[in-house]
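Build out the structure end to end from the sequences listed, making use of the hints.
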Amino acid sequence: MSDEIQVSVRSFDVATVIDLVGDVTTFAEEAINQAYQSISSDGATNIIFNFRENDYINSAGIAILIGIVTEARKRDQKLLMTGLSAHFQKIFRMVGLTQYADLHPSVDDALKALNSTK
Amino acid sequence: MRPPSNRVVELKIPSELGYEKIAREAVATVARRLNFGEEKIEDIKTAISEACTNAIRYGSGGDSRMKVVVVLSADDDKLDILIKDPGISGAPPSDVNIPDIRGMIEEKKRWGGMGLFIIRNLVDEAGFVKNEDDNEDEGNQFRMVIYRIPADEGPADEGSEPDTSDKSGSGAENKGGIT
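Protein sequences, first through last, are from chains E and Y.
Per the numbering used here, numbering of the first sequence is gapless, rising by one per residue and ending at 139.
Per the numbering used here, numbering of the second sequence is gapless, rising by one per residue and ending at 187.
Some clues are possibly wrong.
Stated by the list, open to error - Computed spacing ranges between beta-carbons, pair by pair: (1) A99(Y) with Q110(E): 27 to 37 angstroms; (2) G111(Y) with E50(E): 14 to 24 angstroms; (3) G120(Y) with R114(E): 19 to 29 angstroms; (4) T138(E) with E18(Y): 52 to 62 angstroms; (5) E115(Y) with T119(E): 12 to 22 angstroms; (6) R73(E) with R110(Y): 25 to 35 angstroms; (7) G111(Y) with V30(E): 45 to 55 angstroms; (8) G64(E) with E18(Y): 52 to 62 angstroms; (9) R31(E) with V137(Y): 46 to 56 angstroms; (10) D34(E) with E18(Y): 29 to 39 angstroms; (11) N105(Y) with D123(E): 23 to 33 angstroms; (12) E51(E) with R41(Y): 30 to 40 angstroms; (13) D130(E) with E33(Y): 40 to 50 angstroms.
What the hints assert, rightly or not - To give an idea of the interface, some chain Y residues facing chain E are shown, with a C-beta separation under 8 angstroms as derived from the structure: (14) K29; (15) E47; (16) T61; (17) I109.
Simulated from the structure, these hints should not be mistaken for laboratory data.
As the structure is a computational prediction, the values presented were derived from the model and not from experiment.
The beta carbon of each residue, even a glycine, is placed where N, CA and C say it ideally should be.
As structure tokens, this is what we get:
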């Protein structure tokens, strides 16, 4: 019943983007964590999680992201999130995730923000 | 099309993660017929997803041979959602705490409680209720209510800050009204 998530990675000068297409639920845990561990092993310091606007994210998906925030803090990585609908931006603020990851409308906006702080 | 008053939709879904999406789509259809605004419909979809996920994960122990029943009741004043599960894991939690995300991130706190917290912030009333059906004296029933109030009487549908207080009457939109 779950739309299997498609996870892919893109590299830019200032950041690595993890594109997420599909449901961000408990079924997505392995794929998301594998992508994160892989780019972390390659030395990523700025990581952008790019969501598809209308995909389904539930509290289990949020728990996956909390786990990644935990790892990112240990590794001194900066996390950014893009592509979220207004609804899920509200949910992420509600649960406090935005204290640990900056939200931007798009990957371009996030890259610009990172470039401006270089 | 305006729905008549007091319409009830009942769904029975397998107790298997992923099937909550059926309840999510069904409630969106009902909420649209009640003329709730799109953002409130998103709130209701997320709330019912979390409630069904809890019913599947905890109330049924993830046993797909069991069923979760979702009852959507619409009348002139409100959308009333009841979610019934077999109650495998015993009594449900009696209160909802604000999740300690900092504690979770610092690995001092175990992850949990997020779903109920999200639900409480998205609907007007939410909580476990006593099963009043003598024939179904076992299991949990979780009830959520979303009121339909005229847009000019209700607060803006913001809800960006955590809030565990009772929000009866707030947050619902009514762009058209039914009779």
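Structure-based check of all given hints:
1. Roughly 35 angstroms separates the CB atoms of A99(Y) and Q110(E), a value that falls within the hinted 27 to 37 angstroms.
2. At about 21 angstroms, the beta-carbon gap between G111(Y) and E50(E) stays in the expected band of 14 to 24 angstroms.
3. Checked against the hint of 19 to 29 angstroms, the C-beta distance between G120(Y) and R114(E) comes to roughly 20 angstroms, which is consistent with it.
4. Range check, T138(E) to E18(Y): Cβ separation about 54 angstroms, and the 52 to 62 angstroms hint holds.
5. Taking the beta carbon of each, E115(Y) and T119(E) are about 20 angstroms apart, inside 12 to 22 angstroms as hinted.
6. Between R73(E) and R110(Y) the Cβ separation comes to about 29 angstroms, which falls inside the hinted range of 25 to 35 angstroms.
7. At roughly 30 angstroms, the beta-carbon separation of G111(Y) and V30(E) lies outside the given 45 to 55 angstroms, and the hint is violated.
8. Between G64(E) and E18(Y) the C-beta distance comes to about 54 angstroms, which sits within the given range of 52 to 62 angstroms.
9. Taken as a hint, the range 46 to 56 angstroms holds for the pair R31(E) and V137(Y), whose Cβ atoms sit roughly 48 angstroms apart.
10. Taken as a hint, the range 29 to 39 angstroms is violated for the pair D34(E) and E18(Y), whose Cβ atoms sit roughly 55 angstroms apart.
11. For N105(Y) and D123(E), the hinted distance range of 23 to 33 angstroms is satisfied, since their beta carbons lie about 27 angstroms from each other.
12. About 39 angstroms separates the C-beta atoms of E51(E) and R41(Y), a value consistent with the hinted range of 30 to 40 angstroms.
13. The hinted range of 40 to 50 angstroms is not satisfied by D130(E) and E33(Y), whose Cβ atoms lie roughly 31 angstroms apart.
14. Given hint, K29(Y) at the interface with chain E, holds; its Cβ is 6 angstroms from that chain's nearest Cβ, closer than 8 angstroms.
15. Hint status for E47(Y) relative to chain E: holds, with the closest Cβ pair at about 6 angstroms, below 8 angstroms.
16. Evaluation of the T61(Y) hint against chain E yields a held restraint, the C-beta minimum of about 6 angstroms falling below 8 angstroms.
17. The beta carbon of I109(Y) is positioned within 8 angstroms of a beta carbon in chain E (closest approach about 4 angstroms), and the interface hint is therefore held.
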